[in-house]
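So you can see what is in the structure, the chains are spelled out below.
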Amino acid sequence: MFKITKQDLIDTVRFEAESFKRMAGLKTTDKYGEKDNKSSRQVALIRVLFFLFIAAFIIMIVRLSYIVTFKGEEYKRMVYSQRQASDLVIPCQRGSIYDSKGTVLASNKKDYIVILDAKQVIDYSKQMGNSAYIEATADALNKYLGYDKQEIIDFINNNPKDAYERISKDENGKVVAVDADTLKPLIDAIATSKAKGSKERAIYGIQFEDSYSRVYPNNSLLCDLLGYVNDGDEGMYGLEQYYEEELKGVDGRSFGYINDYTNLERQIVPAKNGNSLILNVDASIQRIVERKINEVNESMDFEERSGSYNTGVIIMESETGNILALAGYPFYDLNDPRSVTIDKYFTTKQIQDITSKFAISEGYIDGVSSNIFFEEGKEPYFKRLNEETGKDEISALTQEQKDKLDNDLSAYVRDAIWKNFCISDTYEPGSVAKTITTAVGLDSGRLTPADGYSCNGVIQVLDRQIHCSHKWGCGGGDLRMCLVKSCNPAYTEFGRKIGKNTFLEYTKDFYGVKTGIDLTGEVSAEGLVFTDKTLNTTELATAAFGQGFNATMIQMICGFNSLINGGNYYEPHVVNRIVDENGCVIKNIEPKILKQTVSETTSNTLRDYCIGVVEESEGTGKKSRPAGYRIGGKTGTAQISGVGGYQAGQYVVSFMSFAPAIDPQIVMYVVIDRPNIPDQSAGAVNQACQLTREIYTEVLPYLNIPMTEELSESEILELEEKGIYTSKIVTEEEDSENPENPEDNDSEDNTEKAE
Amino acid sequence: MRERSVKESKKENKEGFFSVKGIDISIIFVAIFLSVFCLVFVYSALAFEMGEAKTVLKFLTLKSSDRTILKTVVYIVLGIVSMLVMSCVNYKKWREKLPILNIFSNPMLYYILSVGFFVFIEIMKHVGNDAGGETEKSALVGGGWLLKANNAYRWIHIPGLNISFQPSEIVKLLLIICFAIVIYNAGMCLEHYRGIALYLFLIAIPAFAVLKASSDLSGSLVVFGILFVMMLVGAPNPKKSISTAIVLVCAVLIAFGILIAMNHGKEEADIKPYQAKRLLAWLYPEDYPASADQTNQALYAIGSGGYFGEGIGNGMQKVKKLPEAQNDMIFALICEELGLVGGISVLALYFVLIFRMYMISLNLDNLFERMVVVGVITHVALQVIINVCVVTRLFPNTGIPLPLISSGGSSILFMYLELGLVLNIGKSVERN
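Order-wise, the sequence lines are chains Z and R.
So in our numbering, the last spot in the first sequence is 755, and the numbers never skip.
So in our numbering, the last spot in the second sequence is 1432, and the numbers never skip.
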């Protein structure tokens, strides 16, 4: 059709050459731009161009508005859903807690959260062109984990783009982790189904996300001291709360994203595990202590309830302030802290007492004269005095009031169980405080060892009579004997002699100040201690023998420890050192002397007096002497004050002691809050002495402290019964070093510890 | 006629080497405002990253995102300064005094320089050892003269100064000037198809060079598009040039059609070249999820922003979801954080910019100057339109920076230089 002649070609080449010359500016004449004939055409073209651009801009704006208006919600959902899908949290491990010998007290268990990846199932089944894969997944979940098959299938079909649905939930819809044992069959099934040559349909879309949960291998051991971890992975009470920042760690993250070559890549920010704690506490000693506490409480089964309200024991290293054991009965299971129920820990009588107390504080009944009455077959009711008729009116509690009381009660019980009796509860220390009064007197020079008092059973202080525990008087004696006999009238007199100002000056180191123990929940009892204003003559008299003010166990033991170790008031430490996940020490917690309370001489004298309490025939604490050892100590029996004064027949009995008598290594404080025995007033303190003795008998050999005393026949029998090996030849020189390794002797605790 | 030229020559004589009279301030303001957007959103896009810290300038230790910001600030300042200098230079006066500057009126200079960059890249690719492994994001190759990033050689690196620049940005400026001169010199040749063919041939060479040397298809299309539009406006016979345009567009569409037809139905991973993948992902985003992901993420970002946005810095998509959020996809980020309102504001700023330049181009007498302004307008408009259309899935995915807002030194600096050129030209426009 087209015929290209030679001439055409020549023309074209010539044209192109000419054009190129012009374009390249090689020909300078006759330029197109210098002619003035194209302006209007070009302006029109520029206008057209401009309107095309405007049109494009308008299209873009319309498109944007369309996306935002009609697709906004959908896209927003996509943003959130994919955020969850690819941004996995890599959980960190909470730091572990070990005792001084390396026994694990708290660690973590790896569990798994089951995740359903609907998108993967759908994609795979699409790829294979067979929707049976959805069924395979649902079947597996149904078979191994008990999910409803149809529900799973529906979920997958309805959420084809959801790649991250946590399906392991409890009844309340809260996501929970499933332990590895439960999941193992499912994991195996998935592996077999995907293996080559498998006849089963491959199971897709089930994934597992790591999750750590706290475990306490020893259940209730050290419960008050350790505290537990709540559902939100926060430490509650005790060490778990106090060292939360050290223990908790930082979760890692894993981002998924599409890189420049459209491959999915992951960027991982690793988790940082929490630091671990190594305690001063020795789990073996703690076990002995807790076993003994349980035994003594089981033995106290007067009336229907069993055991005391609280029993606390602290063992402290005298020269460092390190806590070796700390127990507060009643115990609870750290692995299941919510299992604390009222019935488990309190008797009906106790519950009724507590309920009445709450009814008073809620204002349902008016305290002094009324009480809630519980009778069989009747709703709880209360009586109220009708002032017009002069008779009691009986009215039942409304349902609302009952619910409120129930709530109060369970909250109270939980808190009562979870909190640490040794540091959070205050009580009147009673006669144990006499040691402090004595030391104050001696150190200030207001008392001398020769000061004495002749007791005839009662002393008058202003309008008040103060009785001695011996009804007709203990007879008294010098200062030492007064402490040995624990004579209240004598200390009333000593208090007067010391005088208000000196007494206040010294005791502010002991009472009403926090010791600074590294545990959550320590109270200072500041408001419950005498002050310059309140310390009148009567108060001074009672304060001198430990009544009329409150203190905590930890305050008492730290104070007492300073009295017998030369005056060094140590800050009590539970934790020895903090280490990171690789075991490198991050922080060493060194013993720390907070203050010097009394002089060395005073301390020596007081130690001698305390030995007297145990050794003298009239000593109140003589039942506490363990076989083979000399110890010193001081008993305490204190009335409990409550609404309307001291409560009849309710006492806190205690025994503060140190061992061995010469060069004390450990200090122990035993407090039994309302021992459940028929007559609490007289012999009750023996419960504390007995418990002290039981614990010493096993703990002292365990600590390799040599026996110094001769054993009687019955004592040898007793020790043999307990499995504690003793050499019958006990002489001072030869046996000053412990001949045997007591660890072999001491029951199974030690073998476990040795691991 | 004669009177006017006398008047003009008088005016010229009065002017010095630099003059600021008649500069269109609004263009400067809009440009600076766009740069503010640039800084805010580049920072927003990168701030979350934890890139490794490096010491720059011997005393400043910055993490990688901060280094990018610092670099961007430097380039913006440099750009604004060069724009102002460029706009103030009285080039007629300079030429009068220094006749040697007349060589700048020769188009071959610009042309050879432009093509030279890419010939240089092509040569250096084969020189020296290839230090960069496949996994490395960027590496110096070609004896230290090339910066290889994302498997493409888009940067020339000057070893001693440790500066790299993107020749494809420079050549846009150079070629706009070059072909404005070409049209000024030989516009009459475009009256014939033969002339148009020659012009197309001439503009195809640098466009192809961009594609071949830097594997930058979108950049090469933009270069071709700018020069083609200049021809459309400048050619004496619009009918012929427009029919040429129609033929070209049809050819491109057919080529795309063939690509799609050849590859449709294949597994995503088997599709080659990647342009076909992107075309298919554009048409069937559901079937090619991996290739469509970038655009999808951009759409999610825009949609989730709503009308008023999540607030600056609160966007979620930039975190490992929206690739190149500080660069080609920055418009999606703006829409996510400032909402539809923010997106339209940005478009409005560009509109003002284009409108001011358009007004200048209408009122010019000189063909060369008009062609330059048309070229710059087209450059800005094409990039904005392509960028926003890619982000909103009106076009297949392709990487084009948003002028002045996307991070990137060369593109900001040379865009400012182009604006400076327009401002300079705009001074001669009589406003009333």
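Check each hint, because a few of them may be wrong.
Claimed, not checked - Derived DSS-like pairs (lysine-lysine); straight-line CA-CA distance at most 30 Å:
1) K27/Z <-> K1239/R
2) K1266/R <-> K161/Z
3) K31/Z <-> K1240/R
4) K149/Z <-> K184/Z
The set of hints was computed from the structure by calculation and includes no laboratory data.
Right, here's what the structure says about each hint:
1. A C-alpha spacing of about 27 Å is found between K27/Z and K1239/R, which places the hinted pair at or below 30 Å, so the restraint holds.
2. Annotation: proposed proximity of K1266/R to K161/Z holds, straight-line Cα distance about 23 Å (limit 30 Å).
3. Of the pairs offered as hints, the one joining K31/Z and K1240/R holds, with about 21 Å between alpha carbons and a cut-off of 30 Å not exceeded.
4. Taking the CA atoms of K149/Z and K184/Z, the gap is near 20 Å; set against the 30 Å cutoff, the hint holds.
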